[in-house]
Amino acid sequence: MIDWRYRFDEHRGTLLAFLVFIVMFTIYASNHPAGFTANVVTTAANKGVLLALVAMAQTMVVITAGIDLSVGMVFILCNCVASYIVAGSPGMTALGVAGVLLVGLFCGAINGLVVIYGRLQPIVTTIATGAIYFGIALALRPNPGGVDNFNSDFTDAFTGQLPGGIPASLAALAVVVLVIWVPFRRSTIGRAAYATGSSEVAAYMSGVPIRRAKFVAYTLSGLLSALAGLYLTFFTYSGEASAANGSTYTLYSIAAVVLGGVSLFGGSGSAVGAIFGALAFRAIGDLLFVFDIEPLWQPLFQGMVLLVSVCIGAARLVRVRNRLDLFG
Amino acid sequence: MRPDEAHAMKARLPSFLHRLDPAVAIAFGCVVALLLLGSLYSSSFLSPEYLLQQLKVAAFLGIIATGMMIVILLGQIDLSVPWVVAVGGMMSASATAYGHTGEVLAIPFGLACGIALGFVNGIGVAYLRIPSMIITLAVNAVAQGLMVAHTGGFSPQDSASAAMRFIATGDTILGIPNALIVWAIVGSAAVFLLTRTTFGRAVYGIGNRERAAYLSGVDTQRVVMFAFAISGGLSAFGGILLAGYASKAAQAMGDAYLLPSIAAVVLGGTSILGGRGSYLGTVAGVILITLLQSILSVMQMPEAGRQIIYGVVIVAMLLLYGRERLLR
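Chains as they are written, first to last, in our numbering: chain A, 1 to 328; chain B, 1001 to 1328.
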């Protein structure tokens, strides 16, 4: 019995995000002019999967009580890189995909090394490295564009539907969770990352490998952002160094992480929650579309939903008995 | 260097250097180095006209960074800068369109809108205990939504009032730009507020440990709320000046000020964790960033290179003096 309550408490944020997503998506799909069809689901999944991957990347770092403001820029950089090298024969395409993922790993590793060995605050470090990554992206693609021999047959397989009408992008997301998140969460390093985020001093005293945990978290964050950048290229067949796009994704990833029940103070939450947070956030944005509200009001609506949903988080204050607990 | 050695070294220095923070000294040193480097490229970098022009451009960033600094001293952050700046510019320009009364009230109206948004931030952080990173993000989104709905998504046609143009572009005494004088007034007020009032003491106290400040009898929640309101007001004021400078407001006019204002504050030696930092440092950081941007653009460095150098300089300077203590 007690075990169940503990487990419920641990996953409450994730479950809440899942519920919000289900409600939002039901409203969305039931009001959609085309109804609840495989195509509607695929379109929604394709829109959501980019933010879901970037939100997973953000989660990795947030768990260690850090913040990664360069996720959007790594995403843009990998998009620009992918628009050059995911091309040609199947073998070359596979090499290109591996290359893009390596770029992401490398960006994440640099963030991690500067934060760990430079002992700088993650927030300023990633602002600065984000500027560097964006600069490289801009050097690669001063103007938006793609290459002629872009392997669109290969990439379409990742954005279409699997037999049975399941969106391929959702299946890919599930694979990413199974291959990256679950092993991380269950490994010693993953536990160490949670411990570091919960209390770095206590983790240090207990002999937890803090540095290794942080390094792995930042590196995986880079890898997940790269996956998102790769996916963006799969949709658009081209690369664009857009600063607005990069910062939007960074900011939305923080929103998705919070909606997904991951604590910004570190040490609690799950990437699965962040995925549902991201999908819910996207579904909210799409609600306006099905209700045929003027597009001009969309930013305001999205902002209000964000504001209200973070204020709902304040409900926990009611349970605070000691006033001093407010100040952490 | 051991602390007592450092102390002994300090004792040998002239008295006015005792209180000088090494971070501030390094930041000013870099400003001088940048000017010398620039003068190798072209001698006009040392001309009074160029320097005054740079200080005038720096004034806009300086005023915005002043608000950011107060918030960072609390250990919080204000990510709502981009659209609060835009709100200040757009609302004051809109007010100008309403005849003579509107023209008189343009600046106070823009300021009031910024302060109101700042209060929303402050209430969220202080009373609802929402992490500042997420509530300011939400307020930024709401401000953006309001402005997009207000302007219809186009650049507003209303032009800035004569008073706005006067304080942003005019010069009165000895050819000193008015914007610089305004910055000097705002800066002096900030120094007075931070060093000579109980409010300022409380800001530093809360930044060090909010719990301790609360137990010492400070109404910490009210201080935090007002600090965010000040930051909102100063961001809007920066927007008013920018609108006066360009003689009209524009969409996304504040986007270029978020990261530079954080970078300026942090480069000036203010700890991003709060509780430590001087206004002199922020002045140094603002001038440093403005000069860096100006010199790179004079050298016709492409945007990509500018971004990369910008990021590298921030990381390199922080590695010089912004490192945290080793955990042991």
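Where hints are given, some of them may not hold.
To be verified - In silico SDA-like cross-links for lysine to any residue, where the CA-CA straight-line distance does not exceed 25 Å:
{"#": "1", "chain 1": "B", "residue 1": "K1248", "chain 2": "A", "residue 2": "L296"}
{"#": "2", "chain 1": "B", "residue 1": "K1248", "chain 2": "B", "residue 2": "G1175"}
{"#": "3", "chain 1": "A", "residue 1": "K47", "chain 2": "A", "residue 2": "A65"}
{"#": "4", "chain 1": "B", "residue 1": "K1248", "chain 2": "B", "residue 2": "S1042"}
{"#": "5", "chain 1": "B", "residue 1": "K1056", "chain 2": "B", "residue 2": "V1191"}
{"#": "6", "chain 1": "B", "residue 1": "K1056", "chain 2": "B", "residue 2": "G1152"}
{"#": "7", "chain 1": "B", "residue 1": "K1248", "chain 2": "A", "residue 2": "L300"}
{"#": "8", "chain 1": "B", "residue 1": "K1248", "chain 2": "A", "residue 2": "L101"}
{"#": "9", "chain 1": "A", "residue 1": "K47", "chain 2": "B", "residue 2": "G1175"}
{"#": "10", "chain 1": "A", "residue 1": "K47", "chain 2": "A", "residue 2": "A202"}
{"#": "11", "chain 1": "B", "residue 1": "K1056", "chain 2": "B", "residue 2": "R1222"}
{"#": "12", "chain 1": "B", "residue 1": "K1248", "chain 2": "A", "residue 2": "Y84"}
{"#": "13", "chain 1": "B", "residue 1": "K1056", "chain 2": "B", "residue 2": "A1246"}
{"#": "14", "chain 1": "A", "residue 1": "K47", "chain 2": "A", "residue 2": "L101"}
{"#": "15", "chain 1": "B", "residue 1": "K1056", "chain 2": "B", "residue 2": "I1176"}
{"#": "16", "chain 1": "B", "residue 1": "K1248", "chain 2": "A", "residue 2": "N143"}
{"#": "17", "chain 1": "B", "residue 1": "K1056", "chain 2": "B", "residue 2": "S1042"}
Hints were generated in silico from the structure; no laboratory data involved.
Hints, one by one, checked against the model:
1. Taking the CA atoms of B/K1248 and A/L296, the gap is near 21 Å; set against the 25 Å cutoff, the hint holds.
2. The straight-line distance between the Cα atoms of B/K1248 and B/G1175 is roughly 24 Å, inside the 25 Å bound, and the hint therefore holds.
3. For the hint linking A/K47 to A/A65, the alpha-carbon distance of about 28 Å lies beyond 25 Å, and the restraint is violated.
4. A threshold of 25 Å between alpha carbons decides the hint, and for B/K1248 with B/S1042 the separation of about 33 Å lies outside it, so the pair is violated.
5. With a C-alpha separation of about 20 Å, the suggested pairing of B/K1056 with B/V1191 holds against the 25 Å cut-off.
6. Among the hinted pairs, B/K1056 with B/G1152 is inconsistent with the structure: their alpha-carbon atoms are about 32 Å apart, more than 25 Å.
7. For the proposed pair B/K1248 and A/L300, the alpha carbon gap of about 23 Å is at most 25 Å, so the pair holds.
8. In summary, the hint linking B/K1248 to A/L101 is not supported, as the alpha carbons are separated by about 44 Å, beyond the 25 Å threshold.
9. Of the pairs offered as hints, the one joining A/K47 and B/G1175 is violated, with about 55 Å between alpha carbons and a cut-off of 25 Å exceeded.
10. Between A/K47 and A/A202 the alpha-carbon distance is near 41 Å, which puts this suggested pair outside the 25 Å criterion.
11. A distance of roughly 34 Å separates the Cα atoms of B/K1056 and B/R1222; the hinted pair therefore is violated under the 25 Å criterion.
12. With a C-alpha separation of about 40 Å, the suggested pairing of B/K1248 with A/Y84 is violated against the 25 Å cut-off.
13. In summary, the hint linking B/K1056 to B/A1246 is supported, as the alpha carbons are separated by about 13 Å, within the 25 Å threshold.
14. Between A/K47 and A/L101 the CA atoms are separated by roughly 21 Å; this keeps the pair inside 25 Å, and the hint holds.
15. For the given pair, B/K1056 sits about 9 Å from B/I1176 by alpha-carbon distance, which is consistent with the 25 Å threshold.
16. Between the alpha carbons of B/K1248 and A/N143 the distance comes to roughly 28 Å, so the proposed pair goes past 25 Å and is violated.
17. Between B/K1056 and B/S1042 the CA atoms are separated by roughly 20 Å; this keeps the pair inside 25 Å, and the hint holds.
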